[in-house]
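Please construct the entire structure, taking both the sequences and the accompanying hints into account.
Protein chains: 2
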Amino acid sequence: MGYDFLHRLRVIESSAFIAAPLAGLTLSQFGADVIRVDTIGGGIDYGRMPRMPQPGGKGRSLYWTALNKGKRSVAIDLRKPEGRELMQALATAPGPDAGVLLTNIGTPWLAHEVLARRRADMISCTIQGNGDGSTAVDYTVNCATGYPAITGGGSVARPVNHVMPGWDIACAYQAAFAVVAAVGHRRSTGTGAELKLALSDMAFTMLSHLGVLAEAELLQQERPSIGNHLYGAFGRDFGTADGGRIMVAAISAGQWKALVACCGIADAVVAVQQSMGLDFADEAQRFDGRDAIAALVEPWFAARGQADAEAALEQHKVCWGRYSTVGELLARDRRVTLDNPVFERMVTPGIGEHLSAGSAVRAPAMQRSPTEPAALLGTHTDEVLWEVLGLDAGAVGRLHDAGTVAGPERDPSVATA
Amino acid sequence: MGYDFLHRLRVIESSAFIAAPLAGLTLSQFGADVIRVDTIGGGIDYGRMPRMPQPGGKGRSLYWTALNKGKRSVAIDLRKPEGRELMQALATAPGPDAGVLLTNIGTPWLAHEVLARRRADMISCTIQGNGDGSTAVDYTVNCATGYPAITGGGSVARPVNHVMPGWDIACAYQAAFAVVAAVGHRRSTGTGAELKLALSDMAFTMLSHLGVLAEAELLQQERPSIGNHLYGAFGRDFGTADGGRIMVAAISAGQWKALVACCGIADAVVAVQQSMGLDFADEAQRFDGRDAIAALVEPWFAARGQADAEAALEQHKVCWGRYSTVGELLARDRRVTLDNPVFERMVTPGIGEHLSAGSAVRAPAMQRSPTEPAALLGTHTDEVLWEVLGLDAGAVGRLHDAGTVAGPERDPSVATA
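The listed protein sequences correspond, in order, to chains A and B. If you're matching positions, the first sequence starts at 14 in the working numbering and goes up one per residue. If you're matching positions, the second sequence starts at 14 in the working numbering and goes up one per residue.
Where hints are given, some of them may not hold.
Where chains are identical, the list cannot tell them apart; a pair therefore holds if satisfied intra-copy or between any two copies.
[What the hints assert, rightly or not] Heads up, simulated DSS-like pairs for lysine-lysine below, C-alpha to C-alpha not over 30 Å straight-line:
{"#": "1", "residue 1": "Lys330", "residue 2": "Lys93"}
{"#": "2", "residue 1": "Lys270", "residue 2": "Lys330"}
{"#": "3", "residue 1": "Lys270", "residue 2": "Lys71"}
{"#": "4", "residue 1": "Lys270", "residue 2": "Lys93"}
{"#": "5", "residue 1": "Lys71", "residue 2": "Lys93"}
Since the hints were made in silico from the structure, they are not lab data.
Okay, structure coming up:
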């Protein structure tokens with residue numbers, strides 16, 4: 014779980030892909046009781062790559078199980094009216110710490126006004142592609158932001174997509190924030206809230222918040238496409254003698270002084286400043302002189318191995334980072350080990366034991382609980398129907414018999430079709 | 014502002030760069046009274062590019078003013094003990110809706126234990142580079158995640174940095190979420206919270222939440238470097254006859270059917286599936302056959318202009334997006350106009366009138382208020398010292414005379430030095 018800030022606030026989640034599940038995970042990491050309702054057999058991304066190797070492609074997804082740890086799982090046949098009725102009943106069940114729905118599945122029978130008829134102070138948060146309800150995913154939003162046209166030296170004609178699903182991630186945390194703010198507001202005022210968040214709005218509003226829109230409108234200029242140089246100050250990647258690759262950033266005055274001292278280029282910097290008529294104490298002029306500065310820094314890295322370079326960078330308190338693959342990160346970076354309290358070991362059913370993260374937030378004075386692994390679909394069906402809806406064993410048994418609900422035996426990774 | 018979910022919760026912000034200011038902006042968009050305290054003349058990123066053209070490089074920053082709209086501004090000489098005392102007093106002032114500090118400036122005199130001595134139920138949220146307090150920025154964290162090694166067809170030896178500051182953005186919303194959760198917890202229990210959030214933890218925990226760490230650990234495999242292809246299903250960018258560029262994604266079964274129908278490639282797809290022994294109904298097998306699928310889709314785009322292609326994609330409900338620069342986005346995309354309620358026109362002092370965004374969240378039943386532009390530094394010094402600390406005109410005047418506080422006349426963009 015993580016920390017008990019939210020006191021078992023109950024959140025019913027009906028979701029797929031990254032943004033909504035990650036929002037639910039975030040809520041669970043702060044103590045919410047997040048109950049994920051899936052259709053029997055799983056939703057459209059239950060088998061998304063990468064999957065565990067298993068005949069018939071039925072191995073569990075490392076992606077899905079990672080995003081859906083820390084939650085309880087209920088399996089319901091959501092095509093049936095009785096299944097939809099159960100889902101609505103779970104979402105709108107009474108209690109001050111209940112009545113919250115998190116979803117990215119814009120289906121009419123889960124619309125806010127439908128649920129608010131059953132529970133007037135309902136809080137629903139719906140993540141959408143576009144604000145008009147039309148579909149969009151991270152890739153089809155990002156292409157419009159201008160970023161691919163300036164990533165990796167690209168252009169509109171030869172754009173470079175990012176791989177990190179950045180807009181999905183932003184949406185997730187924005188949604189979790191909105192839900193918790195609305196819950197606090199409901200506690201004070203008694204009123205619920207309908208919250209909608211479109212992936213494209215997330216991206217385009219961010220272009221405003223970073224000044225990118227105003228730059229285009231007022232200065233009529235596009236950000237330059239400058240490869241791995243950072244914008245607005247000095248920073249770039251450099252290769253070491255033994256094939257390593259290191260990123261350095263000299264954004265603040267202190268970072269710049271540290272880099273100059275570490276590379277022993279103070280005199281050369283003075284000479285370059287004089288010849289170019291620039292003052293590199295000003296970050297914007299460092300940016301103007303970036304190629305000349307890089308030419309001074311390059312030989313320093315090229316003359317030594319990665320370990321020596323890193324030791325010197327550390328000693329001089331340069332702001333730097335090592336490029337690595339994920340395997341190298343796991344093998345060599347102490348920040349991604351149990352030495353870091355945000356990590357733990359987890360045993361996920363159908364997958365095995367592996368390193369896993371809790372909340373990135375550290376709250377030193379609070380107890381940090383371990384995270385429950387992603388259960389097989391339907392593992393908590395019976396207990397949730399009893400706890401939340403008061404259905405006794407007989408009623409739950411009849412729902413199983415009718416095929417309206419299911420337990421973990423119907424999870425695709427264990428079901429014998 | 015946006016929406017009044019947080020009822021003027023008072024947050025004192027002492028920050029620079031993206032993550033902490035964006036967290037403060039997010040809180041302000043939901044109704045918090047965010048009071049930004051800057052040292053007189055501004056902090057280290059007050060002049061960060063892009064800036065308005067003005068002699069001496071003193072034009073206001075479009076970046077800084079974008080991240081710091083919706084807040085009040087107090088200017089204090091934070092090098093002086095009396096200035097630090099004022100800052101501590103502001104952060105720890107009494108009241109159930111006060112006592113919240115948001116910062117990324119890890120200075121001892123703003124440490125949680127120092128503030129908690131003055132206010133036992135203090136909530137502080139400190140954004141760090143690394144969990145040990147050492148420096149890191151988005152660029153020096155991202156290089157370690159493995160993403161640059163698989164972006165744009167790159168490798169560890171030839172990495173491609175992203176341009177979107179994705180980890181900073183994630184940190185911002187995660188921090189805003191944590192603050193609001195801690196405020197709710199304090200209302201219930203009376204206890205404060207020390208919250209710490211490291212940029213590198215944000216990135217590395219995300220690798221866990223997306224299944225990337227488990228993949229490397231359990232399957233011993235790295236994600237392939239596949240350019241603009243999306244991972245795990247089918248999606249890529251395509252060029253039109255007139256030089257346009259369009260991203261298409263066929264992740265769900267419905268999106269795949271729509272693409273096949275739109276491009277009229279049903280028969281060819283059957284033939285390719287047979288020859289490759291694949292079933293493209295399975296997203297993972299679409300991924301395996303991505304080059305063959307792309308070869309079928311490519312001629313369809315190459316045979317028509319962008320407008321015709323877009324009309325057909327819309328008609329068939331394909332999931333698609335247009336590549337654009339920021340200027341093109343502003344000129345041609347209705348989602349980035351006043352037709353979209355998340356946008357508004359704003360007049361920022363020293364900058365002029367421009368399009369600006371409020372919260373990306375839509376709450377249809379709540380009133381949405383306009384956002385205040387980023388004021389000149391110190392605009393609210395006097396009113397905040399009166400409102401929060403009860404200092405009368407005489408006391409405030411003496412602080413001005415001693416140079417301990419300042420009003421907007423000392424903002425670098427207007428000061429005559």
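Of all the hints numbered above, which does this structure not satisfy? Sort the numbers upward.
As far as the earlier hints go, not one is violated by this structure.
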